[in-house]
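Enquirer: This is what each chain is made of:
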Amino acid sequence: MSVRINNKSCNLCGICIDICPGNLLLKKEDKVVIRAPEECWDCAACVKECPTQAIELYLPSEIGGRGATLRAKKEGNERIWACKNPAGEINEYRIKIK
Amino acid sequence: MEKELDIEIIKKETDLLIIGGGAAGIFAAVKAKEMKPECEVTIMEKSNIKWSGCLAAGINAINAYITPDETPESFLEYVKNDNNGVVRDDLVYTIAQQLNQVTEEVERWGLPIKKDENDNYLARSRRSIEINGDEFKPILANRVEEEDVEILNRVVATNYLVENGEVYGAFGFSIRENRFYVIRAKAVICATGGASGIYKPNNEGGAKHKTWYPPFNAGAGYAMGVRAGAEMTSFEMRFIALRVKDVIAPTGTLALGADANQINAYGENYLKDYDRITTPIRLQATLRENKLGRGPCYLDVSHLDEEGCEGLRKKFLNMSPSIVLQWADREVEPNEEPIEITGSEPYIVGGHGQAGYWIGVDRSTTLKGLYAAGDVAGGAPKKYVTGAFVEGKIAVENALKLIKERSEKKVDERFIWQEFQRVYEPLQQPGILKPQELEIRLQKVMDEYAGGISSGYQVNRKKLLIAKKRLKQIEADVERLKVENLHQLMAAHEVVDRILIAKVVVAHLLHRKETRWPVYQANLDFPEQNNQEWFKFVNSVYDSKREKVLIKERKCHDLEEVGVQYECAY
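Listed in order, the protein sequences are those of chains A and B.
For the first sequence, position 19 matches number 19 in the numbering used here, and the numbering has no gaps at all.
For the second sequence, position 565 matches number 565 in the numbering used here, and the numbering has no gaps at all.
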């Protein structure tokens with residue numbers, strides 16, 4: 001499992017580095033990078049915490065990943081997940097979290 | 001070495017040290033401050049308490065709750081039946097008594113619990129209620145941050161401070177700063193969680209950490225206890241989860257949350273022929289269907305309508321988002337294809353299984369000054385998150401009593417120096433081995449000779465003796481470990497701890513001459529039932545000097561015999 005960081009949207013706030021349970025994210029040459037993608041558990045804590053939705057979750061090819069991604073943002077008492085399939089279609093799911 | 005590495009040694013004193021800021025640890029810390037506000041409490045956490053531990057990805061149900069159809073007595077009966085009679089009745093019962101109280105408490109802390117039309121908690125089964133647990137961990141973290149509790153994030157615990165068999169604190173090192181911690185405490189609660197990564201995982205390469213249990217829970221709490229000579233129980237009972245293939249998503253969400261039937265490749269509900277369906281039998285039956293050529297097996301949610309599919313996706317997003325990606329990648333709706341299921345690799349964990357510290361009903365371990373709660377505490381399977389809260393609470397109630405009577409202890413400087421050297425050695429020694437290389441070797445041995453996935457989870461004496469021999473060699477290679485930074489240093493200590501836990505697992509598996517925990521502990525040399533060999537606990541104490549696991553047996557008692565008086569283990 002792993003996450004991908006879009007360095008164009010990333011504002012280098014460092015929240016993801018602070019909270020990653022596996023200590024896997026770090027700043028390197030003014031970019032946030034994942035030190036070992038295969039070490040990621042897929043908990044999505046960084047995906048949920050990223051204030052600019054710069055982090056997305058994807059399935060690695062070892063378990064059949066074809067490019068679908070998940071991003072998340074918080075709005076009021078809800079988490080809004082955006083799931084993009086390999087054809088580029090996006091579906092949104094709203095979940096009460098508070 | 002200290003000078004060369006430029007490591008600062010931080011010495012601290014506290015009343016209560018809690019190792020591990022997960023469900024049990026946070027609940028214990030909050031309770032300590034509520035019961036005794038002047039008590040100094042420190043949490044040592046290898047990650048960041050906001051999203052660490054088993055709750056990092058969220059959960060969508062509380063699986064240990066007494067609904068109006070249940071009682072603490074019937075809960076105990078259920079847990080005992082599911083585990084074929086061998087559980088610690090006193091521990092399970094004392095958990096059951098307070099499950100609802102702690103659930104209501106975390107609801108007050110902000111956890112959204114779903115309600116039915118009468119405003120009662122929405123039951124998912126007789127012992128389970130539905131929640132919106134996406135932010136469960138941040139809710140717990142926010143609550144403990146309201147209290148005056150010192151939280152040491154990113155500090156990896158390495159060993160207890162022990163003198164004459166009593167625990168007086170713990171050592172740890174920071175993975176973000178050049179700091180080595182020596183924390184003296186009047187009482188210590190170990191709440192670190194169980195151990196993953198002992199066995200070869202389901203997936204490889206880029207998906208190797210797509211596991212049920214957090215890959216970051218490497219069993220430090222177990223290993224520290226083993227090294228300190230604490231008595232451990234039931235390490236032969238590995239927990240193996242029935243999960244969705246590849247993405248290892250939870251099956252309870254499908255079976256209980258979406259009324260899915262377990263079907264084989266021919267669409268037959270293969271559980272209907274079983275008189276007794278327990279958690280391990282659901283798994284055993286699945287393995288059997290595959291063996292008989294009737295696999296793959298599935299959970300069938302084809303009955304769900306559009307709204308049902310949407311609801312199912314949301315439940316998984318609350319807990320295990322990867323299955324939603326799997327549906328997207330396959331370009332199918334959840335009801336279009338049955339969902340293939342498989343057994344996970346074995347884990348050592350006291351929250352689902354019952355491997356862990358041998359504790360008294362007061363949650364004291366056999367080492368005075370040390371208590372255990374949650375996944376690291378043995379004897380009480382199926383405690384889950386709410387059970388971990390209850391154990392944290394009971395541990396604190398008793399630790400606070402001990403704090404009152406215990407004076408501070410000076411630490412011998414030699415012990416500090418010894419542990420400092422042990423901790424930082426992989427940065428210094430002229431080795432060549434990476435922690436990951438040793439981990440792969442460990443997992444291969446355990447998989448092939450100690451009942452991993454490739455051996456159908458089964459063991460026999462001949463294979464276990466090979467595992468024992470190979471583990472000795474792996475252990476000897478620890479001195480060849482070489483790391484370059486503090487993150488890798490953590491990985492080095494994780495593999496050291498995992499090797500020790502594996503040794504204990506093999507010793508326990510060799511000793512249990514019966515087979516009644518289906519799949520979790522299946523010894524092909526002893527397939528027949530034998531009550532004399534079954535109704536007892538296999539415990540062990542490690543002799544660090546001789547590097548030997550010494551097995552001791554303990555009797556199995558019914559609740560009526562032992563009652564629920566707060567009895568100490570030491």
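No lab work stands behind these hints, which were simulated from the structure alone.
Any given hint could be a false lead.
Said to hold, decoys possible - In silico lysine-lysine, DSS-like type, Cα no more than 27 Å apart, as pairs:
#1 A:K73 - B:K115
#2 B:K410 - B:K11
#3 A:K98 - B:K548
#4 B:K115 - A:K98
#5 A:K96 - B:K11
Enquirer: Each hint: holds or not?
Expert: Verification of the hints:
Our distance criterion of 27 Å between C-alpha atoms is met by K73 (chain A) and K115 (chain B), whose separation comes to about 25 Å. About 11 Å separates the Cα atoms of K410 (chain B) and K11 (chain B), which keeps this hinted pair within 27 Å; it holds. For the hint pairing K98 (chain A) with K548 (chain B), the CA-to-CA distance comes to about 50 Å; that exceeds 27 Å, so the pair is violated. Between the alpha carbons of K115 (chain B) and K98 (chain A) the distance comes to roughly 14 Å, so the proposed pair stays at or under 27 Å and holds.
About 44 Å separates the Cα atoms of K96 (chain A) and K11 (chain B), which puts this hinted pair outside 27 Å; it is violated.
Hints 3, 5, counting from the list given before, are not met by this structure.
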